[in-house]
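Protein chains: 2
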Amino acid sequence: MTDFAWTRDQFDLPEGMIYLNGNSLGPMPKASVPAMTRFLNDEWRTELIKGWNTKNWFMQTNTLGDRVGAMIGAPAGTTVVGDTLSIKVFQAVAAGMALVPDRKVILSDNGNFPTDLYMVEGLMKLKDAGHELRTPDPEDVMDGITEEVGVVMITEVDYRTGRRHDMKAIIDKAHSVGAVVVWDLAHSAGAVPVDVAGCDTDFAIGCTYKYLNGGPGAPAFIHVAERLLDRVEPVLSGWYGHEAPFAFDTDYRPMPNKIERMRIGTPSIASFVLLEGALDIWDKVDMNDLHAKSIELSELFIQEVEARCPGLTLVSPRDPQARGSHVSFAFEHGYAAMQALIAANVIGDFRAPNVMRFGITPLFTTEDDIRAAVDTLETILKEERYKEEQFQKRSLVT
Amino acid sequence: MTDFAWTRDQFDLPEGMIYLNGNSLGPMPKASVPAMTRFLNDEWRTELIKGWNTKNWFMQTNTLGDRVGAMIGAPAGTTVVGDTLSIKVFQAVAAGMALVPDRKVILSDNGNFPTDLYMVEGLMKLKDAGHELRTPDPEDVMDGITEEVGVVMITEVDYRTGRRHDMKAIIDKAHSVGAVVVWDLAHSAGAVPVDVAGCDTDFAIGCTYKYLNGGPGAPAFIHVAERLLDRVEPVLSGWYGHEAPFAFDTDYRPMPNKIERMRIGTPSIASFVLLEGALDIWDKVDMNDLHAKSIELSELFIQEVEARCPGLTLVSPRDPQARGSHVSFAFEHGYAAMQALIAANVIGDFRAPNVMRFGITPLFTTEDDIRAAVDTLETILKEERYKEEQFQKRSLVT
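Line by line, the protein sequences are chains A and B. Each residue of the first sequence is one higher than the last, beginning at 1 in this note's numbering. Each residue of the second sequence is one higher than the last, beginning at 1 in this note's numbering.
Among the hints, a few may not be true.
Unchecked claim - Below 30 Å or equal to it, Euclidean Cα-Cα: the simulated DSS-like pairs (lysine-lysine) are: (1) A/LYS50 with A/LYS258; (2) B/LYS50 with B/LYS30; (3) A/LYS127 with A/LYS104; (4) A/LYS258 with B/LYS125; (5) A/LYS50 with B/LYS50; (6) B/LYS50 with A/LYS125; (7) A/LYS50 with B/LYS258; (8) B/LYS393 with A/LYS258.
Stated by the list, open to error - Calculated Cβ distances over 12 Å to all of chain B for the following chain A residues: (9) GLY73; (10) ASP83; (11) GLY241; (12) ALA244; (13) ILE281.
Simulated from the structure, these hints should not be mistaken for lab results. Where is the CB? At the ideal position from N, CA and C, for every residue including glycine.
Start from the sequences, fold in the hints, and give me the full structure.
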């Protein structure tokens, strides 16, 4: 049984803050400071260039990739970390397109995180080969999977509503018509149990700064099915994915039959150090325990908000199995109400046009936090604090 | 006058080490530890998600971009940091191709850093529109710039030999035939004076982990000429380059007329923190002073090696104005001799097939270091230590 008192103690949360935004940026693990100090003092400072060998910097893409992979059901040797999720979208979809060169339709949905759609837009413009991106409503994705479709690119958990797609069903249908599938697990990894190998996905990508607590802008990851490793096309063909990176050949030869070919350029080792510190916590977490606790806390949150906060309408699915690990409510004055909440040290966030979003993260969130957060929200609504001018002003980042 | 005793004192070099590899990975500035500790304790830990606003994380791409830009002659608002140099190669060359859609030739040279060539290979394969990458000998680049050429992609300073291209002449010729130019400044920024705006380059890219001392895998940068900002195509069209990143529109609209459109995905803030600490040193450095000192130290090094180390042949240009800030010698037993040097705490590196490479970095390298390094090399050669078995074994990273 996962010890959630222990996991909570691994974080250094600011006194008095209730943080319901671990779905956007995870809090700092206590291990981050010593891990980084060690890296700076005992690795970069003393080893300098030798650290690429002596401190395993060069292969951390894979060492950490395997650890992240284990959290999503990926066998060792099929996941690497590095780059940003936007780049990984591009890399995975382009590789998917190359596997089915005669098919011109890429299927996603209009609830997908915008950057996934943007990156595909750019990719299609670059290829200029008559591809088409279809974005039906999320409910219509299954019907949209036809023999025209080459690549299905779906984010499992909707960033706005938390609605969760049926991964297995979509993959099975896609494969039955000869399409390949790219799963974006940005809001799944560390939030819900995922089994990429069991579902036989072709590609999975995601980020590590949300539920995994790797720090702001922590590295992305990409998983490629074992059966594709020998033929997946590394369109972003950087030296780090070369068969012999230090031969300095003028021609690119992808690392044969290995996930290394999905590596691109020299990755930020400092970002790896923070991720490594954060992953140590996950070694002691059972994803099924976490999911059960997430549902327990989420159900409590929904029940309390609906009982005490008139005007807020649940936009997340009511069925807990159909949700990720955040809960969202629509509210006419959502932006200002969220600013008032944040001012009262209860941190969630806002997504246009009217969605108040709350991350439920059992590693460090307790039942008491949930009740206290709703107490504060209730007061803000009662006192109509969202009408105050100070809460109307939009910040750069919402 | 730059105070090089002061700059040397800003680094925490290991006792007894002579580090002639700042052209590959710069040493750790003393400021790195407090900068990172502050970021962890006073930013991520306490501000959490709010840090994107309150600690300016969101705009560090630009704040740091402007500071790096100032080192290469780029006006404010034309440079951003982020991603890896491989990604920036792809981004710049693809954008260059879009500016001259009817031209199918990309001109580089066979001395370019391989990843630049690899990334263009991948880009051409992806576009599949009949493009051709030409890689003549570096000496033949000027003759290769014809009206067939769309994009000229050149690394100013050769990673192996240190040979330096004539930036202004190449740009002038390229523009005279209607081609656009992408300069890779990986071995130039912080090494030699560069004036991208004065030379009117179209694009410049580079990295910050070499001479700039931003740490292993520190962010890359991209500069776009002011005159192109309104029409440069962000083919890697991520949310961070969107006109309204928090509107979460489903369609991509690049930030109009601003360098922001070259941003892609969420960048690693930890990597920015280390870069920021390193850039504080550069505020007090005059690039002309640095270059003069680099030449002084390099000339001394060449003179001493040639006088005392038989068997080593200079492969860098003899004219100091035709070199970057590293010096290379060919030697039959170069690999093993470099391992022996490293074992004796004089750190350079090796590049296949037979090149011993030494970075000359006046921020922290003194005349005494140069003489002591050659003393050690002389002894290794005299004692034929490069024949020892322990120095034959190849490491993963060379």
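Each hint tested on the structure:
The hinted pair formed by A/LYS50 and A/LYS258 meets the criterion: a straight-line CA distance of about 25 Å does not exceed 30 Å. Simply put, B/LYS50 and B/LYS30 have alpha-carbon atoms about 28 Å apart, close enough for the 30 Å limit, and the pair holds. Restraint check for A/LYS127 and A/LYS104: the C-alpha separation of about 11 Å stays at or below 30 Å, so the hint holds. Using a Cα cut-off of 30 Å, the hinted pair A/LYS258 and B/LYS125 holds, with the two alpha carbons roughly 21 Å apart.
Taking the CA atoms of A/LYS50 and B/LYS50, the gap is about 37 Å. The hint is violated against a cut of 30 Å. A hinted pair counts as satisfied when its Cα atoms are at most 30 Å apart, and B/LYS50 with A/LYS125 does not qualify at roughly 35 Å. Proximity of A/LYS50 to B/LYS258 is assessed by CA-CA distance (about 39 Å); at most 30 Å being required, the pair is judged violated. For a cut-off of 30 Å, the pair hint linking B/LYS393 to A/LYS258 stands: about 24 Å separates their Cα positions.
At roughly 25 Å from the closest C-beta of chain B, the C-beta of A/GLY73 stays outside 12 Å, upholding its exclusion from the interface. Non-interface call for A/ASP83 relative to chain B: violated, since the shortest CB-CB distance, roughly 7 Å, does not exceed 12 Å. The beta carbon of A/GLY241 is not kept farther than 12 Å from every beta carbon of chain B, the shortest such distance being approximately 8 Å. Annotated as non-interface, A/ALA244 brings its C-beta within 12 Å of a C-beta of chain B; the closest such distance is 9 Å.
Distance check for A/ILE281 against chain B: the nearest CB is about 15 Å away, which clears 12 Å, and the non-interface claim stands.
Checked against the numbered hints above, the structure violates hints 5, 6, 7, 10, 11, 12; every other hint is satisfied.
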